[in-house]
Every structure is written in structure tokens, then in C-alpha cells.
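S.K.: Residue-level listing of the chains:
Protein chains: 2
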Amino acid sequence: MADTLEYDLIVIGGGPAGYAGAIRAGQLGKKVACIELERAGGTCLNWGCIPTKALLKSADLYQKIKKSETFGITVKDVTFDFAKVMERSRGVAGQMAKGIEFLFKKNKVDYFTGKARVIAAGMVEITEGEHKGKFFKTKNTLIATGCKMRRIPDLALDGVRVMTSREALANTKLPKSIVIVGAGAIGVEFAYFYNAFGTKVTLVEMLNQVLPVEDEEVSKVLQKSLEKQGITILTGTKCENFRVGKDSVKVDLVTGDKKQEVESEVVLSAIGVVANIEGVIADAVKIELDRNYVKVGDDYQTNIKGIYAAGDIIGPPWLAHVATFEAVSCVNGMFGHGKAKRVTKFPGCTYCQPQVSSTGLTEKAAKEKKLDYKVGKFPFTASGKAVASADSEGFVKVITDAKTGEIYGAHIIGSEATELIAEYGLAIELEATVDEIHQTIHAHPTLSEAVMEAAAASLGEAIHI
Amino acid sequence: MADTLEYDLIVIGGGPAGYAGAIRAGQLGKKVACIELERAGGTCLNWGCIPTKALLKSADLYQKIKKSETFGITVKDVTFDFAKVMERSRGVAGQMAKGIEFLFKKNKVDYFTGKARVIAAGMVEITEGEHKGKFFKTKNTLIATGCKMRRIPDLALDGVRVMTSREALANTKLPKSIVIVGAGAIGVEFAYFYNAFGTKVTLVEMLNQVLPVEDEEVSKVLQKSLEKQGITILTGTKCENFRVGKDSVKVDLVTGDKKQEVESEVVLSAIGVVANIEGVIADAVKIELDRNYVKVGDDYQTNIKGIYAAGDIIGPPWLAHVATFEAVSCVNGMFGHGKAKRVTKFPGCTYCQPQVSSTGLTEKAAKEKKLDYKVGKFPFTASGKAVASADSEGFVKVITDAKTGEIYGAHIIGSEATELIAEYGLAIELEATVDEIHQTIHAHPTLSEAVMEAAAASLGEAIHI
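As you go down the protein sequences, you meet chains C and Y in turn. Just so we're aligned, residue 1 is where the first sequence starts under the UniProt record's numbering, counting upward by one. Just so we're aligned, residue 1 is where the second sequence starts under the UniProt record's numbering, counting upward by one.
Just to be clear, a hint being listed does not mean it is correct.
One copy or any two copies: either way a pair holds, since identical chains are not told apart in the list.
Within a straight-line C-alpha distance of at most 16 Å, the following computed EDC-like cross-link-like pairs (lysine to aspartate or glutamate) qualify [as the list claims (entries may be wrong)]:
no.	residue 1	residue 2
1	Lys31	Asp158
2	Lys139	Glu6
3	Lys108	Glu461
4	Lys341	Asp154
5	Lys339	Glu436
6	Lys341	Asp435
7	Lys66	Asp77
8	Lys345	Glu436
9	Lys367	Glu6
10	Lys106	Glu461
Keep in mind the hints are simulated off the structure, nothing from the lab. This one's a predicted model, so the numbers in the text were calculated from it and none came from an experiment.
Using the sequences and the hints, build the whole thing.
M.R.: Okay, structure coming up:
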């Protein structure tokens with residue numbers, strides 16, 4: 001096999017897990033290649049986190065401009081070019097993807113596009129694409145193929161009437177109306193985005209709250225806010241009997257005993273993800289799976305020595321930052337740079353306005369675990385910075401051990417919530433107490449003071465409420 | 001003395017130190033009164049931090065609207081009503097001041113307006129205002145009278161041609177041109193603000209960099225950015241020979257051997273503060289001062305038992321958040337709720353765009369102390385969130401102990417820098433290492449990832465640069 005290339009590590013998949021793992025191996029001086037099916041950066045960078053944030057930035061600005069009178073600014077004739085909004089988002093994704101390719105070069109990662117398959121322990125083949133037929137001999141393999149959007153059963157994805165977030169990100173025509181199925185982070189962000197630009201949005205969630213993984217109290221405030229913004233929200237509701245027509249889709253929304261028909265120009269499916277596993281592992285390679293996700297041990301190794309997996313392909317929570325951490329930790333362990341560490345603590349974010357973020361246990365989870373907990377809460381209406389910014393919706397909520405003050409969980413809804421959660425993330429990582437946060441001087445006036453005051457509130461010592 | 005009221009604590013001054021100390025005493029069940037000369041909230045809330053943030057929010061929005069085309073949004077005829085911008089700022093200050101009065105009531109703090117004077121240990125008198133002649137007997141007194149703006153010697157403050165930030169905050173007419181003397185946080189913020197609305201701004205600093213207390217590298221990037229925005233900046237420059245005319249002020253700006261005359265509609269003095277000490281202490285009470293600031297010990301007690309002082313009146317760093325911490329800590333110690341703690345670690349913020357924030361040592365200070373330090377730096381151009389927001393100016397810089405990774409200082413310039421610094425504040429308080437920050441999963445995509453990547457960079461392990 002003259003064409004066989006030899007590596008210390010082959011990474012399959014160039015998303016947040018794959019590219020980070022490959023770069024880390026490069027930093028450690030290893031001979032490494034990354035094989036990506038589409039474009040460096042994966043779903044997150046090309047069809048997820050990054051391009052949606054670009055869209056949301058346009059939506060935020062458009063909303064702010066509409067409220068500019070509050071700030072002494074008068075604007076006439078505010079218009080938007082939806083195609084340009086979308087185009088900018090693609091541009092940002094393109095720029096970031098080029099950045100990853102640059103990082104590959106800088107860190108001496110060989111980069112191949114194509115579909116890769118593990119054909120044996122220590123052997124990988126490219127089965128599709130321009131490098132089809134290339135074989136790689138490798139000491140280690142890291143499977144990081146991630147996930148793709150789950151489709152609604154029996155509803156064909158046509159990219160016109162029926163979309164997932166992926167098709168929506170490429171769609172340059174603003175729909176007049178949309179039914180969004182699923183009110184997780186993706187569903188909520190698209191609902192906020194389309195509504196901001198004037199689409200009639202119906203957001204449907206099967207479970208009893210929007211953002212089902214978040215604290216109930218947060219979800220309630222968010223739902224109220226989104227409804228006030230004009231979004232129709234139906235929780236505890238199933239979608240049945242989709243009828244795709246030429247210009248619209250009809251669907252029955254079933255809430256308990258009630259059934260209503262809704263007609264919209266587009267249906268967006270945001271009902272979660274499924275593993276990208278098809279064709280990744282040759283039949284002969286008996287890698288253990290669990291509901292199509294790759295099973296790994298504490299060191300991210302599969303049941304087959306030398307074959308590792310990290311990121312969305314090993315199962316929930318399907319978050320880019322968790323994927324990156326896993327892959328880097330896996331590669332560090334693989335090459336003896338410290339011990340690999342599985343993820344137990346991580347933040348989650350939703351980038352609508354008001355933003356939502358959290359880390360650790362919800363109050364409900366603390367209750368279910370029968371923990372002896374206290375709650376500290378601080379509303380942004382009592383924050384000088386929030387009032388000065390005319391952006392005082394929401395609150396910070398911290399759940400602590402009633403005896404020791406150790407932090408079980410933190411939940412933020414409001415402006416910049418996604419940035420503010422970082423401090424609680426560090427606090428939980430370091431097993432800090434709320435008293436330690438309270439004793440840390442926070443700059444005035446900042447929203448981060450609310451993080452401190454919520455901690456103080458759990459001790460009965462908040463000054464500003 | 002039938003009119004004598006008896007208290008556990010009399011607080012003189014209702015600013016960030018005074019009101020917080022009084023509220024804390026109320027929380028501890030003490031009989032407490034707060035005497036404020038003007039309006040609850042003090043300079044910070046009425047004439048400083050809070051109203052300026054309201055102004056800066058208007059400026060930020062106006063600037064963003066001008067760039068809205070980038071985001072696919074078209075706006076015609078953007079105008080502003082400067083009087084309305086100023087009016088909103090006053091409204092925010094008024095609202096927050098009312099909030100403090102509400103907190104006084106809630107925490108059973110008796111609130112008096114008037115000028116107070118310590119006439120003996122345990123005795124306070126109101127010497128001016130509606131309550132003039134009221135006497136208070138008190139177990140403890142907390143002097144928290146703060147500071148006021150320093151005036152330029154031999155230059156009369158007329159509120160029209162010559163102002164400090166206080167007069168500027170009440171001035172509803174946008175000046176065509178302004179010379180701002182002093183490029184500390186206040187000078188820089190006003191320079192950014194006026195320039196954003198079209199004033200021709202000349203910012204003059206005697207020392208060799210804008211924001212002289214900040215890291216040199218940060219100040220250089222900021223100066224470049226402000227100059228690009230249109231502000232004329234002269235560092236290492238003295239102002240001499242002000243000539244106030246009917247419609248303008250002329251001043252000689254002397255940089256080394258060069259002298260140039262500049263004429264502007266207004267001169268804003270932002271050259272620091274002086275203690276509000278006049279008339280606060282009766283001559284008979286021999287409280288020890290140091291250059292007009294009240295000298296205190298580790299428990300914030302002056303040389304006279306039962307008389308304490310906290311906040312700006314005890315000297316630098318003259319920051320609202322430090323003042324609040326000091327007063328609360330002082331009151332806690334006073335009433336046996338833990339031990340009072342003097343401040344050694346605190347953040348500093350400047351709210352222009354790009355924002356600047358820091359905590360701990362600058363690189364120069366680390367060098368001067370001959371510390372064995374490392375630098376970790378991460379530019380926002382490499383942050384997905386910053387690029388998606390089209391806001392990728394600046395960087396995060398962390399200075400660490402080369403051996404242990406303990407954090408000596410952190411410096412941020414960029415969007416939301418003032419919020420991002422909180423995490424480093426907690427890290428320094430907890431004596432965390434950069435490795436611990438690096439091992440904490442930060443949400444993707446957020447600007448807070450740059451905080452983590454700078455930490456990783458100091459270890460040679462940043463993924464995205």
C-alpha cells in the first residue's frame with residue numbers, strides 16, 4: 001500500500017471536538033491528520049452556534065433601533081434586507097472556517113476533506129470525496145463525527161416548506177409565518193430571530209416548559225417575555241398530521257383535549273439531534289454503541305484499544321464547548337499529558353433576548369435529590385447598570401447548600417446572561433462558596449454585581465434588594 | 001436636649017459607602033440613621049457612575065446604528081436630541097436615588113438630608129438644611145462623605161465654559177468642541193461620549209498614556225482606537241494659561257518643547273478628586289487626617305474610638321465598589337458580624353468603546369517588582385462570538401506567576417470587558433491558577449472563552465491562536 005500514510009492520530013470529524021483535538025495533538029508535537037466531510041469547523045461553526053449568533057446580532061440591533069427613541073435617538077425608515085442578514089451570517093461562518101484551516105497549518109495538522117471510515121483498529125480509509133481511496137495507518141483514532149439535526153418522522157425535509165436549522169441558515173427569504181417544533185435552545189433562538197424581523201411565529205413544545213432543561217422559574221419568565229414580543233407559544237403540545245402544500249404547511253396542534261389547525265409558510269424542526277454514525281465504522285470493527293452513540297470509558301477510549309471518541313457522538317449534552325473539552329482532554333490523556341477527565345460540570349446558553357444561561361442543578365433537581373438547599377435571587381431591576389442600559393428584565397438565581405454555601409447551580413435570565421454565567425462556572429469548578437463570591441469586589445456599575453448580590457441574597461446580605 | 005436622637009450608628013454621607021453601610025447596619029437590626037447633604041446615592045449614583053452609563057448607552061447605540069448596514073439593516077435620517085439624551089440620564093439617576101430611599105425604609109434606616117458634623121465622639125449635629133440643629137447621640141459614627149471633583153487651579157468653574165463631570169452631566173447643550181483635561185476613566189468616557197455625538201474632542205493627559213493606571217499595552221490599543229474614532233489625544237502634555245472668553249476658551253497645550261494653542265467651546269476638567277472634609281469634623285474632634293483624607297486602621301476606625309470612616313474619604317482608589325465593600329465590611333466588624341477587612345484586590349473599569357477593565361498588577365508593575373511572570377494573551381479577532389458580533393477589537397491579557405500559574409493581574413480591552421473581568425476577580429480572590437481557569441468549561445460561543453483562552457495561552461495551550 002504505497003498510498004498509506006502513517007500517523008500518531010487520525011481525527012474523524014473537523015467540528016469543535018475534532019478540530020480542537022487535532023490542534024491539541026499538533027501542539028503536543030504529534031503527527032496528526034483531521035478528516036472532515038464538509039468544511040472545517042463542523043456543524044457548530046458552519047451551521048450552528050456561530051452563524052446563528054451573527055443572525056441574532058442583526059435581530060438584536062434591529063430591535064434596539066426600534067427602541068432608540070428611549071435613548072434620545074430618532075430614526076426614520078428602518079428597513080432590513082433579509083438576504084443580506086443571512087449573507088453576513090454565511091460570511092462569518094466562512095471566515096471562521098478559514099480560521100480553523102489556518103490553525104491546522106499553524107499546528108501542523110494534515111487536513112483532508114472526505115468521508116472517513118474506521119476499517120480496523122489502527123486503520124482509516126477515506127470512502128468519499130476527492131481523497132477517496134486514501135488509507136491511513138495510525139496509532140490512535142479519534143471519532144468525532146458529531147450529530148445532525150433530527151427530522152420529524154414522516155415529514156420530508158424539502159428546504160422550502162420544511163426545514164431544520166441547517167436549511168433555515170441557508171434560506172435567504174424571510175417567511176411570513178413559521179411553526180417551530182421544539183422549544184429547546186435552537187427552537188427558541190429561531191423563534192426570537194424570525195419574530196424580531198416580523199415573521200408570525202408559533203413555537204410548539206411537547207414538554208411543559210420552553211427550554212425544558214432550564215430552571216422552571218427562568219423558563220416561565222422567558223415564555224412571558226417571548227409572548228410579549230409577539231411569539232405564540234404552546235407547551236405541552238404535540239404536532240400531528242403535517243400536510244405540506246404548495247405554499248404552506250398545515251399541522252394539527254394537540255394540547256391535552258384541544259386540537260387546533262395552524263397553517264404556516266414554513267415548518268422548522270428543532271427536535272434535537274441524531275448521531276452521525278452511518279458509514280463511520282466498518283462492520284468488522286465491533287465498536288460498542290449505545291443507541292447509536294459511541295460508548296467510551298473515563299479516558300474516552302472505546303471498547304477497542306486505540307480507538308477513541310469525543311463530542312456529540314458520545315451522547316448528550318450535545319454542546320460545542322463540552323465537545324471541545326472532551327476532545328482536548330482525550331488527546332492530552334492519549335499522549336500522557338495529564339489524565340483525561342470526563343465532563344460533569346458545564347454551562348448551557350440560549351442567545352435570544354433576554355438571554356438565558358445556567359450551570360449545575362435546577363431548583364427542581366435540587367428538590368428531587370432532596371438536598372438541603374437555599375435560593376439567592378437578585379432581579380436586574382435593582383441593578384444600576386441594567387437600569388442605565390434600559391435592559392432590566394430578568395434575574396440571577398443561585399442554588400446553594402443550605403449549610404456550607406457551596407453552589408449547586410446558577411441560573412441567569414437577562415442581558416449578557418451568557419457572559420455572566422462564566423463566573424459561576426469557575427466558582428462551581430473550584431467548589432467556591434457563595435460567601436466567597438460575596439466577598440469578591442465586583443466592579444460598579446456592572447451586571448456582574450447581580451451575580452454577587454444573588455450570592456449575598458442567599459445569605460440574607462444583599463444590599464440592593 | 002429634647003431633640004437628641006439616639007442611635008447605634010450615624011452614617012454621614014449617603015453615597016456607595018454611606019448608604020450601603022447604613023443598610024447593612026439595618027439588616028443587622030441596629031438603630032441607624034444616614035445623613036446626606038444632597039440626595040441619596042451620592043456622587044456615584046447622582047453625578048457619576050450611573051448617569052454616565054446612561055449617556056454612554058445612548059452613545060453606543062448611536063454608533064451602532066451608524067454601522068447598521070453591516071448587519072443588513074438600513075436606516076435613514078438618524079438624528080438625536082441631545083437634551084433628551086441628558087434628560088434620560090437624569091431620569092435614571094432619579095430613579096436609582098428613589099430606590100435607595102426605598103431601601104432605607106425597607107431596612108429601617110432613618111434618612112435625613114442636611115450637612116452633618118461630628119461634634120464629639122458619639123455626637124453628631126446637622127448644621128445645614130431643613131433638619132438644621134438636630135442632634136444625634138450615637139454609639140458609632142461612620143464618616144463616608146466621599147470626594148468631589150478637583151478643579152483646575154486658577155480656573156473658575158462656571159458650568160458653561162468650564163465644567164467638571166458634574167456640570168457636564170447637567171448640561172443639555174452639546175458643545176461643538178471640547179478640551180478634556182485628564183485621560184483617566186472619567187476623561188476618557190466623556191471624550192468617547194462627546195465624540196460619538198459629533199463634538200470635536202481634544203483629550204489631554206499629563207502622563208505618558210491614556211488611562212495611566214492601566215496596562216501600557218491596553219492603553220496603547222485604546223488610544224489608537226479612540227484616535228481612529230476621531231478624538232485628538234495628547235499625552236505627556238500640560239495645559240497652561242486658560243483664557244476664558246465669552247464663547248470659547250483658549251488654552252496652551254505644552255508637549256515637551258512644543259506649544260500649541262487650542263480653542264474650544266468648553267473645557268472639562270477631569271483631573272481627579274478632593275476629599276469632602278470641610279465642615280465635617282468639629283475642630284475640637286482631633287481626628288487624624290492624611291492629606292485631607294481620614295486615616296483609619298484595619299477596622300476602619302479612626303484614632304478616635306467609635307468614629308469610623310470608609311469610602312473615598314479614606315483615600316484612593318476612589319472607586320464606588322471599593323467604597324461599598326469598605327463600608328459594609330466596616331459595619332460588619334463594628335457589630336461583631338465577622339472581622340472588618342481592608343481592600344487589597346479590586347477591579348477597575350472604563351466604559352468607553354472598546355471597554356477597558358483590569359484587576360491586579362499591570363505587566364509594568366510585575367516587571368518593577370522583579371516577579372518571575374508569564375503573559376497569556378488572546379485577541380478577540382480569534383473569538384467566534386466577537387466575530388459574529390462584528391466587535392472583535394481588543395484582547396484579554398493575563399499575567400501569572402511563571403512557576404505556579406497564580407494570577408498576578410488581568411487586563412481586558414474590548415466589548416463587554418467590564419463584565420468579563422468579574423471572573424478574573426473571583427479567580428484572584430480565590431488564588432486560583434490559570435490552569436484552573438483553563439480547566440473550567442466556558443460556554444461557546446461567548447466572549448468569556450477569551451478569558452479562558454488567555455489563561456490557556458499562558459500555558460502554551462490555547463486552541464484558537
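S.K.: Hint by hint, work out which the structure violates, then give me just those numbers in ascending order.
M.R.: 1, 4 and 9
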